[in-house]
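A.B. asks: These protein sequence lines are chains W and E, in that order.
So in my numbering, spot 247 of the first sequence is number 247, and the numbers just go up one at a time.
So in my numbering, spot 92 of the second sequence is number 92, and the numbers just go up one at a time.
Treat the hints as calculated values from the structure; they're not laboratory data.
Hints are supplied without guarantee of correctness; some may be wrong.
Below, computed lysine-lysine pairings styled on DSSO-like, alpha-carbon distance capped at 27 Å [claimed, not checked]:
id, chain 1, residue 1, chain 2, residue 2
1, W, Lys-153, W, Lys-74
2, W, Lys-184, W, Lys-83
3, E, Lys-112, W, Lys-319
4, E, Lys-112, W, Lys-83
Some residues of chain W that are not near chain E, with every Cβ distance over 10 Å (derived) [stated by the list, open to error]:
id, residue
5, Thr-10
6, Arg-146
7, Leu-183
8, Asp-283
Far from chain E, some chain W residues (derived; all Cβ distances over 12 Å) [said to hold, decoys possible]:
id, residue
9, Asp-5
10, Lys-83
11, Ser-209
12, Ala-255
13, Ile-313
14, Ala-343
15, Pro-351
The beta carbon of each residue, even a glycine, is placed where N, CA and C say it ideally should be.
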Amino acid sequence: MATLDLIGLTKRFGSVTAVDTVDLTVADGEFMCILGPSGCGKSTLLRMIAGFEMPTEGDIRIGGESVTPLGANKRPTAMVFQKYTLWPHMRVFDNIAFGLQLRRLPRAEIARKVEEALALVSLSGYEGRFPSQLSGGQQQRVALARALVLEPKILLLDEPFSSLDAILRVRLREELRRIQRRLKITAIFVTHDQEEALTLADRIAVMNSGRVEQLAAPTQIYDNPATLFVADFIGAMNLLTAQVRGGQIALDGVALDAPDGVRDGAVTVAIRPEDLALLPDGDHAGAWRASVEQISDLGHYRRAILETPSGMIKIYLPKTAAAEEGSAVSAFVRRYLVYQDGAPPREVTRPLPAQALTV
Amino acid sequence: MTTAAIPPNFWTSTRRSFAATIRRDGFGLLAMIVLILVILGPLYSVVLWAFAERWQYPSLIPTQFGLRYWGETFSRADILRALPFSIVLALVVTLLSAVICLPAAYAFARMKFRGRQLLLLSFLATNAFPRFGLYVSIAVIFFRLNLIGTVQGVILIQLVNTLLLMIWIPTAAFQAVDRSLEEAALDVGASPLRVFIQITLPMVMPALSAALLLTFVNTFYEAQGALIVGLPRVVTMPVLMYSLINSQLVVQYGAVVSFVLWMPSLLLLLVANRLLRGGYLTAGFGV
Ligand SMILES: Nc1ncnc2c1ncn2[C@@H]1O[C@H](COP(=O)(O)OP(=O)(O)OP(=O)(O)O)[C@@H](O)[C@H]1O
Ligand SMILES: [Mg+2]
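For reference, chain W alone in the conformation it holds in the complex (with noise of 0.2 Å):
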């Protein structure tokens, strides 16, 4: 249990920059999340706070003192990793015990310790099975057992579940959850699926090429991309280019009030689909006049793509909205994010007309 601070962390594979100049702080018992695209980085920052991969230049520092000129085995971390990486030679309670071994302690504690770890995993009893009579959703809870056993300071996750079905997935990630929440570890998740991390982190850091775009708490996050990227990688989202004019923002087929502080010039304008609502057909103020391209009907919630002047919009609907695809309607944007010139984001939100047709 410990705080993490990574200064300037910079890894550079010959002409690769995989991480670029990063600076993150994860606070004692946090949750952090470390989300972005294939390739961005995220796998490279983790090897290195876990003592796999060199930094190139920056220092790694784990309740305060630097790790950094460590190996891995001298680091006080411990590491789930996306392959299974049980050992096949080893049964179940070997491999568990294998790292407290290592460390002299007695037979007796280092069997009752096993036993705990599998206990928290939900496996108790499979100590004498080989990983190969495991399935896959029970190897990574081994793997996750072999980790938690040595209370390491920092848990590393890299993507452990994403091999896994999304049943599974889902179940062990929120066991995951209330473990860590219980031995109140600091815990650092490597994920490429956005669900995940919204549901899992206290924080989630997004990342691009290297770059640490965002630290945050999910639903600011979501609710307020800080840029372009993470608008458009987090969650869905409507982006349209324009030309501010006059305090206008001009869309094809309508017209937004530009917020403050937001010049003439070129914006990205950032909707998502929840914040559009459905008028009836007709001219209204900050309104398209759309068709209804297509409708899917996804459980709870109904997802639409409206034809506007302005191209085709995806837009939610309630379950219980009346719209048929080839209907004409009107879209009405109740809240938008302007972007410009890489500025953090400017919000607007506008109330709802009384003749909304969904609420």
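Chain E with the ligands: place on chain W using the hints.
C.D. replies: Below, chain E with the ligands without anything else, positioned relative to chain W:
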């Protein structure tokens, strides 16, 4: 883990399906008979000769069986000298080869260096060309170095022979070990040496054992190199056998010696079989 036991009805069920096969498949039967004749025929004749005291021409089996020639063979001074010498020689060569080749194989598998591929292929060269030519040119060099007719000379030339097997098989085995298994061991606090001994080595053991066994057997039977470099002073068992056969004193000497020469390979096959079926390996790798 227990090794798979033979089920009680194994033999009866095998026999039944065997009979069924014959009824269905006349061609299979024919093929089998041919195979038996071709493979077992010569062996059969060697075994018979080894135990024959007299065998006159028209008879299909020896006219008189007996162990007389075993006694005679093993009272020959040259055989009594060559047999233990050959075994020790093969052991020494195998050991030396392991000491030289295994670290090299590890390097080939784990390190990236210029010319790695070319160097690996170069070991194939000793096997890709007619060996005799290679030996003759080596013999010329050995002659200058006064290695002809010395044990060191024979060891050296036999070592050349072992390189391919002892580099290629272990290199492939080390390459097959997933790096993240080793990283996981480092991660829980094992030193690199301990990782090698407790994680890497057990996983490559079956392949290494196979390479060692094959090298031993190959070396034990190696005759060309030993013949060219060793004679006249160093005589290994297979070399001795050449002279026994060529001088055509008695067929039985050759037969008895062949019979004896099979033993190491049979023994090692049995050991290998046990080793590869060893409980933890089969269970561990889900074989
Ligand atoms: N050992 C290496 N040698 C050279 N380049 C590497 C090495 N490891 C990673 N890279 C490069 O560094 C970049 C980041 O890789 P990394 O594995 O950290 O990505 P990632 O975010 O984990 O991606 P994924 O989600 O696919 O696992 C990639 O461009 C990759 O090609
Ligand atoms: Mg990765």
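A.B. asks: Indicate, hint by hint, whether the structure satisfies it.
C.D. replies: Going through the hints against the structure:
1. Lys-153(W) - Lys-74(W): holds (12 Å)
2. Lys-184(W) - Lys-83(W): The hint holds at about 26 Å.
3. Lys-112(E) - Lys-319(W): violated (59 Å)
4. Lys-112(E) - Lys-83(W): holds (23 Å)
5. Thr-10: holds (21 Å)
6. Arg-146: violated (7 Å)
7. Leu-183: Label holds. Min Cβ-Cβ 17 Å, cutoff 10 Å.
8. Asp-283: Non-interface label on Asp-283(W) holds, nearest chain E Cβ at 61 Å vs cutoff 10 Å.
9. Asp-5: Given a closest Cβ separation of 20 Å, the condition holds.
10. Lys-83: violated (5 Å)
11. Ser-209: Consistent with the label, Ser-209(W) stays out of reach of chain E, its closest Cβ about 25 Å off (over 12 Å).
12. Ala-255: Non-interface label on Ala-255(W) holds, nearest chain E Cβ at 56 Å vs cutoff 12 Å.
13. Ile-313: holds (44 Å)
14. Ala-343: holds (42 Å)
15. Pro-351: Its Cβ never comes within 12 Å of chain E, the nearest being 55 Å, so this holds.
Checked against the numbered hints listed earlier, the structure breaks hints 3, 6, 10; every other hint is satisfied.
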